[in-house]
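Student: The whole structure should be built from the sequences, with the hints applied where relevant.
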Amino acid sequence: DAKTTQPPSMDCAEGRAANLPCNHSTISGNEYVYWYRQIHSQGPQYIIHGLKNNETNEMASLIITEDRKSSTLILPHATLRDTAVYYCIVRVGGGRDDKIIFGKGTRLHILP
Amino acid sequence: GAVVSQHPSWVICKSGTSVKIECRSLDFQATTMFWYRQFPKQSLMLMATSNEGSKATYEQGVEKDKFLINHASLTLSTLTVTSAHPEDSSFYICSASQGRTEAFFGQGTRLTVV
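Protein chains in written order, with my numbering: chain A, 1 to 112; chain B, 1001 to 1114.
Hints may contain errors.
Derived pair list, reagent style DSSO-like, types lysine-lysine, alpha-carbon separation capped at 27 Å [stated by the list, open to error]:
hint, chain 1, residue 1, chain 2, residue 2
1, B, 1020, A, 3
2, B, 1041, B, 1066
3, B, 1055, A, 99
4, B, 1064, A, 99
5, B, 1041, B, 1064
If the Cβ cut is set under 8 Å, some of the chain B residues that face chain A in the computed set are [stated by the list, open to error]:
hint, residue
6, 1032
7, 1049
8, 1088
9, 1090
10, 1093
11, 1103
12, 1105
13, 1106
14, 1107
Because the hints were derived from the structure by calculation, they are not lab data.
Beta carbons: idealized from backbone N, C-alpha and C, even for Gly.
Tutor: Here it is in structure tokens:
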């Protein structure tokens, strides 16, 4: 079972920041938080990942709480092309126990 | 980001035949590959995890004799759906990862069994 919970859907106005929350209260110390998104009928696209520090790349920022029990993905200036299902995943990474389990994700609608 | 190529993008086959789907990591060596199935309006369901040179580890409820996974090299894994039936029609997606780095996904294969 997925170790994360996300709201099923969210709306965001085009040009505004989209903040997508994720709860992972049972995360272990060696598990990373990964974010992917899936646009209809395509494979998931990697966005960002982190362990305990906040991370930023050209696509998004990832804010992880100090207790690591939740995180927020921030798309700073949402466009219509950001409409997708966003998945938050916890993963050990590497080794025989490595798994990537998807939850139900958040369907993000960007409104013109 | 790294490129994972999945082939074919779509395939239609007759009931009872077998179909092979290839997953290649084009610019990195994938020590681990994951195979997923996705039904309409649902999330991705992990079918199996394979490490290069080892037998695949299947998730509970996934028939290993029906979904044959081979990960013979660090750049190629294959999924063969044997004796396909209409209920096997789905969107199959592979993912490749090198150790603790991020995993990258193929573009998916839409299988239709008629």
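Student: Would you mind marking each hint as holding or not holding in the structure?
Tutor: Status of each hint after checking the structure:
1. 1020(B) x 3(A): violated, 32 Å
2. 1041(B) x 1066(B): holds, 24 Å
3. 1055(B) x 99(A): Judged against 27 Å, a Cα distance of about 15 Å means the pair holds.
4. 1064(B) x 99(A): holds, 17 Å
5. 1041(B) x 1064(B): Since the Cα atoms of residue 1041(B) and residue 1064(B) sit roughly 25 Å apart, the hinted pair holds (cutoff 27 Å).
6. 1032: holds, 6 Å
7. 1049: holds, 6 Å
8. 1088: violated, 18 Å
9. 1090: violated, 12 Å
10. 1093: holds, 5 Å
11. 1103: holds, 6 Å
12. 1105: holds, 4 Å
13. 1106: holds, 5 Å
14. 1107: holds, 5 Å
Hints 1, 8, 9, counting from the list given before, are not met by this structure.
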